[in-house]
Amino acid sequence: MSTVPTSWLISILAVFIAAAVVSRPLLPVAARVLFGLALSLVAVVTVFVGLRSEYGIEALSRIQPHIAILIAPALWLGFQSLASTTGFPSRQRLLLVAIGLVVGQLALFLPMAWSADLVVIGTNAICAILLARMLLQPSEAFVQVAPGKFRMTRIALLFALLFIGLIVAADLIFVAVLSAGNTGVIQLLTGVSGVIVTVVLLSALFGVPLVLRGQTRRASRDPAAEAPLEEDHDLLRRIDQLMADQQIFTDPDLTLARLGRRLHCPARSVSKAVNRIHGENISRYINGFRVRHAAMLLTTSDLPVTDIMLEAGFQSKSSFNTEFRRLTGQTPSDYKRHGSGDKHVRNRDFKRSET
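At position 166 of the sequence shown (counting the first as 1) the number is 166 in full-length UniProt numbering, and the numbers step up by one without a gap.
Calculated directly from the structure, the hints in this document are not laboratory data.
Please note that a few of the clues may not be correct.
[Claimed, not checked] Per label pair, the in silico range of CB-to-CB distance:
#1 D307 with D234: 31 to 41 Å
#2 G100 with L13: 21 to 31 Å
#3 T322 with D251: 18 to 28 Å
#4 D334 with L9: 25 to 35 Å
Quick reminder that beta carbons are idealized off the backbone N, C-alpha and C, glycines included.
My request is simple: use the sequences and hints to build the entire structure.
This is the structure:
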């Protein structure tokens, strides 16, 4: 199979994804720029790979490492912007990346065999470790992400980690085979089959254990185990008042960072206060207000259940039904048909939200 169509297909796909990411207004500007940059660089590198392998344009081999070394840092900074209350990576992280890239770019000029490959491998390996650390953080750390998008963000982070792991593995094999002078295997590594096998192995051996470890660590670091402070109670009273007065929970794209800005306090303080007092994450806490609002509409209006779902701030029926059943013990349709009646409400949070 010719490698050029495959490389061009990957390039076109990367460009389309980059355009979709850049056009999403809900993402912080920095995240859109950095993710778009990383995907655009992927497109350029894959074009270079195709031109080198098919047409033997080896002059591109001197340019390709200088571009490839930028991809992983751009991805890491993009995810960092999602975890920043300002929506931009911190100055310390930007300075760290800038220094590292300057050193890496200079190291690419070293007159050593495989120096370019080793520099790219080292850069990608460091960024893979940093992304893995982010994967172990609780979902609330991504303060620029709406609670309903936490799972999607973690999946995107895992894919980025697997992508960088794929690059590291492929480069390591390439260097090993090149040193042995086996050009046949080198050509095989540029094919589609080699990529598929590597992705599957990395997904099974690297991605799944990280997710499981992340769940274990998050459980062991649960802030709910800490005693609530007086400031936590004050903050929760302000949140409850804000929710009651302005009903900002009806915004399906409400993020922890935006909530923190409305309260003029750090986003992580909001998350910790909710965890300490109610023993739940910010997503469930906001969904409690949404379910209460939906329950009121179900018993006082003639709106269809789907319209009530959207009015309350939910975006999917599955999430709406799951949260409503968790807090009331009934489906929204049953609740609308029979009303709350005198049935026992099983979840204390629903009782709290109705007071």
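For each hint, the structure was consulted:
A beta carbon spacing of about 36 Å between D307 and D234 agrees with the range 31 to 41 Å that was offered as a hint. Taking 21 to 31 Å as the suggested C-beta distance range, the pair G100 and L13 conforms, at roughly 28 Å. Separated by about 20 Å at the C-beta atoms, T322 and D251 satisfy the suggested range of 18 to 28 Å. For D334 and L9, the hinted distance range of 25 to 35 Å is not satisfied, since their beta carbons lie about 49 Å from each other.
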